[in-house]
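Participant: With the sequences and hints as input, model every part of the structure.
The sequence shown runs 11 to 461 under my numbering.
You may find that some hints are simply not true.
[Claimed, not checked] Listed below are the simulated BS3-like cross-link pairs for lysine-lysine, each with C-alpha atoms no more than 27 Å apart in a straight line:
#, residue 1, residue 2
1, K395, K405
2, K108, K83
3, K219, K196
4, K109, K83
5, K145, K225
6, K219, K438
7, K66, K219
8, K297, K407
9, K68, K219
10, K297, K286
11, K83, K20
12, K145, K68
13, K297, K27
[What the hints assert, rightly or not] Pairwise CB distance ranges, derived in the manner of DEER restraints:
#, residue 1, residue 2, range
14, S366, G199, 54 to 62 Å
15, S63, K297, 35 to 43 Å
16, E363, D268, 38 to 46 Å
17, R227, G383, 41 to 49 Å
18, A379, G199, 55 to 63 Å
The set of hints was computed from the structure by calculation and includes no laboratory data. Quick reminder that beta carbons are idealized off the backbone N, C-alpha and C, glycines included.
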Amino acid sequence: MKFNDRVAGKCVLVAPKGYGKTHFRSFLEGQQDADDIVVGFNERENVFDIDASEIKVKSGRASHLIQFYLLTKIASLLEEENKFDWTDFAVVVGSTFKKIKTLAKNVSGVEISISGATISLDKLFSSQSNAIINKSLGELIESFLSALGDRRVYIQIDDLEEVFDRIEENPVFIEGLVRAVSDLNKSTGGSVHVLLCMKLGLWKIMSEKRREYDKVRDQFEFLEWNEYQYKTMLAKRIVSYHVDRVSVDLGNEDGYPDEQALYRVWLSFFSLGDLKSWNHRIAELVKLCRNGPRDFIFLCNLAAATTSDSEKITWTHFERVFDDFSSEKFSDVCAEYQDIYPGIDLFAKYVLEDSSFELHFNEVRERVANLSGEQHITESLGGHKWFSFGSTNDKVKALYDCGILGIQRSDRVVYSMEERIISLRELKSASLTIHPALRAYLGAEPPVAST
Numbered sequence: 011m012k013f014n015d016r017v018a019g020k021c022v023l024v025a026p027k028g029y030g031k032t033h034f035r036s037f038l039e040g041q042q043d044a045d046d047i048v049v050g051f052n053e054r055e056n057v058f059d060i061d062a063s064e065i066k067v068k069s070g071r072a073s074h075l076i077q078f079y080l081l082t083k084i085a086s087l088l089e090e091e092n093k094f095d096w097t098d099f100a101v102v103v104g105s106t107f108k109k110i111k112t113l114a115k116n117v118s119g120v121e122i123s124i125s126g127a128t129i130s131l132d133k134l135f136s137s138q139s140n141a142i143i144n145k146s147l148g149e150l151i152e153s154f155l156s157a158l159g160d161r162r163v164y165i166q167i168d169d170l171e172e173v174f175d176r177i178e179e180n181p182v183f184i185e186g187l188v189r190a191v192s193d194l195n196k197s198t199g200g201s202v203h204v205l206l207c208m209k210l211g212l213w214k215i216m217s218e219k220r221r222e223y224d225k226v227r228d229q230f231e232f233l234e235w236n237e238y239q240y241k242t243m244l245a246k247r248i249v250s251y252h253v254d255r256v257s258v259d260l261g262n263e264d265g266y267p268d269e270q271a272l273y274r275v276w277l278s279f280f281s282l283g284d285l286k287s288w289n290h291r292i293a294e295l296v297k298l299c300r301n302g303p304r305d306f307i308f309l310c311n312l313a314a315a316t317t318s319d320s321e322k323i324t325w326t327h328f329e330r331v332f333d334d335f336s337s338e339k340f341s342d343v344c345a346e347y348q349d350i351y352p353g354i355d356l357f358a359k360y361v362l363e364d365s366s367f368e369l370h371f372n373e374v375r376e377r378v379a380n381l382s383g384e385q386h387i388t389e390s391l392g393g394h395k396w397f398s399f400g401s402t403n404d405k406v407k408a409l410y411d412c413g414i415l416g417i418q419r420s421d422r423v424v425y426s427m428e429e430r431i432i433s434l435r436e437l438k439s440a441s442l443t444i445h446p447a448l449r450a451y452l453g454a455e456p457p458v459a460s461t
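Facilitator: Here's what the structure looks like:
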């Protein structure tokens, strides 16, 4: 990624909820020099006063408008902290806003004010303002860089559903946001570093209804975790938080602890058998963690809460909490995808509850089709576009897109967290399986062996 002296790199970090995007962003915040400026946009700090669903422009135009708004928004924040020389920058902003204001007599909606210049957002994002913004953007960037001098600005945008209201309803705006971040990184060299953190669900919305995706394809980086990384992550947490009980040194020349060292750290708090058994048990736990390391930590803490003060965590302790964990994970799925697939909780329960956890596509499709006879269900879901206008196949695919169902390959099961785009043709010919973390909540049972 673009960082320190680097002037190019990936600018969009994509991962499901819980994979560590926010932690990574927090880590970067601690790495800047004292003179650098860090501006964060997330549910806790700053938001954009935009209803993204109402921005009806192409992604290229949206890119210019978002860049302009991003720079003025950041400048206004820095103005409040007396960290900016406004002489040239304010002239450009004021002149641009004045031109846009003359396009209409009435100015309404949310307004932004920068150094005495004020503009309403509905006018900034109107089609009439595009030409003015395009002409002003280069001059605005030049003035912004001049005001920065030798300092760098790190802009980190996270929690997009909170920062941009109703962004999930407008895939073109999402694409325009990615293009804006990419273009701004390229045009500012080493001075402005923008990192956009995006949940996998929003990436799916954009990629499936793409317009100019090829122009930003190389800007995405997808976070992934393997079993070794889970073991290492928890071992490092144990060493960090329990220095009084753990004396194992995890450091080595290449920075990657070996399995024996990790196993010795785990032995301080866990009793999961010998090294071979430990590896097997970790593999079983990792399968449950649809939301990555956050799930792994949560599951271990649940098990720890059932032990006595001096007792180590065994597999029996994990078995005691699988039902509670499953209920939590189903709630997480619904919370993560509720904006994209409203009512997915009701839909998934009625389609999959009390089923076998391994089903063929046609079995799931038949269960979906049978919902037509459940009037109270169809009435509850009928107001949602994805349900009302989607075909039966599309509705089955929604269960895959949410990570509720996976596809059985010859050697393993694949979920949407790993394989983001899958063809309907493969889905229709596949054996499907309910995610292990959700089976207990849905009451799904192993398939009956044939005789």
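Participant: Now, for every hint given, state plainly whether the structure supports it.
Facilitator: Now the hints, each set against the structure:
1. Proximity of K395 to K405 is assessed by CA-CA distance (about 11 Å); at most 27 Å being required, the pair is judged to hold.
2. Taken as a hint, the K108 and K83 pair is honoured in the structure, with Cα atoms around 17 Å apart against an allowance of 27 Å.
3. Taking the CA atoms of K219 and K196, the gap is about 25 Å. The hint holds against a cut of 27 Å.
4. Distance check on the hinted pair: K109 and K83 sit about 19 Å apart at the alpha-carbon level, within 27 Å; holds.
5. Between K145 and K225, the direct Cα distance comes to roughly 22 Å. Compliance with the 27 Å bound is thereby established for this hinted pair.
6. Annotation: proposed proximity of K219 to K438 holds, straight-line Cα distance about 21 Å (limit 27 Å).
7. Distance hint between K66 and K219 is fulfilled; the C-alpha atoms sit about 15 Å from each other, no more than 27 Å.
8. Between K297 and K407 the CA atoms are separated by roughly 21 Å; this keeps the pair inside 27 Å, and the hint holds.
9. Using a Cα cut-off of 27 Å, the hinted pair K68 and K219 holds, with the two alpha carbons roughly 13 Å apart.
10. For a cut-off of 27 Å, the pair hint linking K297 to K286 stands: about 17 Å separates their Cα positions.
11. Simply put, K83 and K20 have alpha-carbon atoms about 23 Å apart, close enough for the 27 Å limit, and the pair holds.
12. With a C-alpha separation of about 17 Å, the suggested pair K145 and K68 falls inside the 27 Å cut-off, and the hint holds.
13. Pair hint K297 plus K27 holds up; C-alpha atoms about 16 Å apart against a cutoff of 27 Å.
14. Between S366 and G199 the C-beta distance comes to about 57 Å, which sits within the given range of 54 to 62 Å.
15. Between S63 and K297 the beta carbon distance is about 37 Å. The supplied range of 35 to 43 Å therefore holds.
16. Distance hint check: the CB atoms of E363 and D268 are about 44 Å apart, consistent with the given range 38 to 46 Å.
17. The given range of 41 to 49 Å is respected by R227 and G383, whose C-beta atoms sit roughly 44 Å from each other.
18. Look at A379 against G199: about 56 Å separates their beta carbons, and that is inside 55 to 63 Å.
When the structure is compared with the earlier hints, no violation turns up for any of them.
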